[in-house]
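Now for the letters of each chain:
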Amino acid sequence: MYLHKYIGVGIGNEENNVAMSWVKDNCLSFFQLFCIKVVKAGRIPQHIAFIMDGNRRYAKKNSVDTSAGHYKGFDKLSETLKWCLDLGVPEATVYAFSIENFKRNKDEVNALMDLARDKFQRLLEEIDQINEWGVRIHVAGRLSLLPKDLQALVSKAMLVTRYNNKLRLNIAYAYTGRDEISRAASHIVDGVKNNEISPEDIDDELVSQTLELGEAELLVRTSGEVRLSDFMLWQVSDTVLYFTDVLWPEFTIWNLLAAIIHFQRNAPPPKVKSDLSDKKQLFLDNLENHREQQLEKYVSC
Amino acid sequence: MYKFNIFGESKKNCQILLTLVHFVVNILVAVQNVYSRIWNKKCTVFQDEVTKSDIKVILENVPRVTKKLKHLVILTDSDHHSLSDLSRMVIWSLVAGISYVSFYDLTGRLKENEEKLFLEVERNKKGVPGCIKWYKKPDLNGYTNGMQAHTVYINIFTSEDGRPTIAQCIRRIAEDKVVCSRESSEYTAQELHSALTLMYPSIPDPDLVLYTGPRCCTHGLLPWQIRLTEFIQLSVNHSVNINNYVGALYRYNKCDQRFGK
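Each protein sequence line maps, in turn, to chains B and A. The first sequence maps to residues 1 to 301 in our numbering. The second sequence maps to residues 1 to 261 in our numbering.
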């Protein structure tokens, strides 16, 4: 990943460090970091979801080929991650590839798979730095739909970063919201069949906990579309939805800060987490173990 | 110690600046509100029933809205929307040829007042051809004034129809009360969909959600059904009138749908 290009400037919480890197960086960046600091004085969303739409329109607009647009989009993702780290956002989720996207033409799908291979390969090469930043990677989706080698790469990335806790980055890949709910339903039904939980335990709270992705506080969708496109359907019931016309590769820190200011003006009060019963917790812990074993299986394949 | 002080002060300064930013945004929003209110006053005087000119406006504009719009959902907040607002939207939708109009009851008070809403709709419907059917209240169904007239089906949904209903469906599958078979170890969306459709009236997924106010949020509206639904703001100040209704339809028409391709 190209993360290191962007992260590293001004992550430190200690003001002195930030000040030093401000001097090193150019003036614009000083001003941007200052604005980040101002916005940070207010409430910061604890989980931001992004629908990174507009890579292809960007490619068309600038007459480059589609895959170049997707690469540009990925660069923007690493930039956005740096902003999230600076802002102190502990969790970000991005919609990278929908199950529906498999219907696109073969060349584009292959190019997108190659992009993912390339990026996850790089991530593993630079793992020391990722660990230093404390970024945990989680790929949410139906991994069985991916090519075998990509399954292994993705699983490895998840396993080696699983103890990092500064920023959790969820990448929705081979994902749809309906599919995620369906997979959760399977685990719950299996849990009842295995006598881990009883049917009476099944409520919307348990389903929420069984899903791979947690609830987002802010969802940003770029490029002017005003729908969810099957992303986090279950998790957005209290989320502030923010739609903006800018294409994803042209998304800037100003767009993100505007979204957060909108959030600060309109967000409902934060949710208090309710405690789960021991039985449910045990079921969820087992599920987590089971998921980890599955990842290890993918790696060794 | 000294360093700590600077840190503390700069944090305070940031807070002051942020308050200032929000203050400026508040002013801008207020100005926009006043502007839109003046604009709306110019176009329409206050009214609580469907007028001939409303119908004319819709008949003039609707042919230009070519995108499929079968099911319209209105996020209903009884603190801001009167029954008259809601019933006028029903009649406008009837004239516009929308087949399903659903209200998503955010406060729970609309469901209690369903009869009142029914009477208000009937009052507004006078002279407008077409038929209005109420899904869960067969005894309230009105009569049609013409054989081939258009029909609108009305539903009221609440948050109970969202996540809790899906959870209940999963429970029924776990209890073997509903058959839901799977080919692999995990259900596909299609497999679960077949079980879920039994929990809901057989109506198409919403095409458009209209909301008022500054915050766009699903509030837990039918998670399974809204994957392709568009969210469009009717007005920023919760007002409901024919101009912002038609304006919302135009904005809906502009977006193109791509189904992931």
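Be aware that a few hints might be false.
Simulated pairs of lysine-lysine, DSSO-like, Cα-Cα distance not exceeding 30 Å [said to hold, decoys possible]:
1. A:Lys111 x A:Lys133
2. B:Lys193 x A:Lys177
3. B:Lys271 x A:Lys11
4. A:Lys254 x A:Lys111
5. B:Lys103 x A:Lys68
6. B:Lys297 x B:Lys279
7. A:Lys68 x A:Lys125
8. A:Lys125 x A:Lys52
9. A:Lys12 x B:Lys271
10. A:Lys68 x A:Lys11
11. B:Lys297 x B:Lys106
12. A:Lys111 x A:Lys70
13. B:Lys72 x A:Lys254
14. A:Lys125 x B:Lys271
15. A:Lys11 x B:Lys273
16. B:Lys60 x A:Lys254
17. B:Lys61 x A:Lys254
18. A:Lys11 x B:Lys37
19. A:Lys68 x B:Lys61
20. A:Lys177 x B:Lys279
21. B:Lys40 x A:Lys12
22. A:Lys12 x B:Lys37
23. B:Lys61 x B:Lys72
24. A:Lys11 x B:Lys40
25. B:Lys60 x A:Lys67
26. B:Lys106 x B:Lys72
27. B:Lys280 x A:Lys177
28. A:Lys56 x B:Lys60
29. B:Lys166 x A:Lys12
30. B:Lys166 x A:Lys111
31. B:Lys61 x A:Lys67
32. B:Lys156 x B:Lys72
33. B:Lys103 x A:Lys133
34. B:Lys103 x A:Lys12
35. A:Lys11 x B:Lys103
36. A:Lys177 x A:Lys136
37. B:Lys166 x B:Lys40
38. A:Lys126 x A:Lys67
39. B:Lys148 x B:Lys72
Keep in mind the hints are simulated off the structure, nothing from the lab.
Checked hints:
{"no.": "1", "hint": "A:Lys111 x A:Lys133", "in the structure": "holds (16 Å)"}
{"no.": "2", "hint": "B:Lys193 x A:Lys177", "in the structure": "holds (14 Å)"}
{"no.": "3", "hint": "B:Lys271 x A:Lys11", "in the structure": "holds (26 Å)"}
{"no.": "4", "hint": "A:Lys254 x A:Lys111", "in the structure": "violated (33 Å)"}
{"no.": "5", "hint": "B:Lys103 x A:Lys68", "in the structure": "holds (23 Å)"}
{"no.": "6", "hint": "B:Lys297 x B:Lys279", "in the structure": "holds (27 Å)"}
{"no.": "7", "hint": "A:Lys68 x A:Lys125", "in the structure": "holds (24 Å)"}
{"no.": "8", "hint": "A:Lys125 x A:Lys52", "in the structure": "holds (11 Å)"}
{"no.": "9", "hint": "A:Lys12 x B:Lys271", "in the structure": "holds (27 Å)"}
{"no.": "10", "hint": "A:Lys68 x A:Lys11", "in the structure": "violated (52 Å)"}
{"no.": "11", "hint": "B:Lys297 x B:Lys106", "in the structure": "holds (28 Å)"}
{"no.": "12", "hint": "A:Lys111 x A:Lys70", "in the structure": "holds (23 Å)"}
{"no.": "13", "hint": "B:Lys72 x A:Lys254", "in the structure": "holds (27 Å)"}
{"no.": "14", "hint": "A:Lys125 x B:Lys271", "in the structure": "violated (43 Å)"}
{"no.": "15", "hint": "A:Lys11 x B:Lys273", "in the structure": "holds (29 Å)"}
{"no.": "16", "hint": "B:Lys60 x A:Lys254", "in the structure": "holds (20 Å)"}
{"no.": "17", "hint": "B:Lys61 x A:Lys254", "in the structure": "holds (19 Å)"}
{"no.": "18", "hint": "A:Lys11 x B:Lys37", "in the structure": "holds (8 Å)"}
{"no.": "19", "hint": "A:Lys68 x B:Lys61", "in the structure": "holds (28 Å)"}
{"no.": "20", "hint": "A:Lys177 x B:Lys279", "in the structure": "holds (23 Å)"}
{"no.": "21", "hint": "B:Lys40 x A:Lys12", "in the structure": "holds (11 Å)"}
{"no.": "22", "hint": "A:Lys12 x B:Lys37", "in the structure": "holds (11 Å)"}
{"no.": "23", "hint": "B:Lys61 x B:Lys72", "in the structure": "holds (13 Å)"}
{"no.": "24", "hint": "A:Lys11 x B:Lys40", "in the structure": "holds (9 Å)"}
{"no.": "25", "hint": "B:Lys60 x A:Lys67", "in the structure": "holds (25 Å)"}
{"no.": "26", "hint": "B:Lys106 x B:Lys72", "in the structure": "holds (20 Å)"}
{"no.": "27", "hint": "B:Lys280 x A:Lys177", "in the structure": "holds (22 Å)"}
{"no.": "28", "hint": "A:Lys56 x B:Lys60", "in the structure": "violated (41 Å)"}
{"no.": "29", "hint": "B:Lys166 x A:Lys12", "in the structure": "holds (25 Å)"}
{"no.": "30", "hint": "B:Lys166 x A:Lys111", "in the structure": "violated (45 Å)"}
{"no.": "31", "hint": "B:Lys61 x A:Lys67", "in the structure": "holds (25 Å)"}
{"no.": "32", "hint": "B:Lys156 x B:Lys72", "in the structure": "holds (25 Å)"}
{"no.": "33", "hint": "B:Lys103 x A:Lys133", "in the structure": "violated (39 Å)"}
{"no.": "34", "hint": "B:Lys103 x A:Lys12", "in the structure": "violated (52 Å)"}
{"no.": "35", "hint": "A:Lys11 x B:Lys103", "in the structure": "violated (50 Å)"}
{"no.": "36", "hint": "A:Lys177 x A:Lys136", "in the structure": "holds (24 Å)"}
{"no.": "37", "hint": "B:Lys166 x B:Lys40", "in the structure": "holds (16 Å)"}
{"no.": "38", "hint": "A:Lys126 x A:Lys67", "in the structure": "holds (29 Å)"}
{"no.": "39", "hint": "B:Lys148 x B:Lys72", "in the structure": "holds (26 Å)"}
Checked against the numbered hints above, the structure violates hints 4, 10, 14, 28, 30, 33, 34 and 35; every other hint is satisfied.
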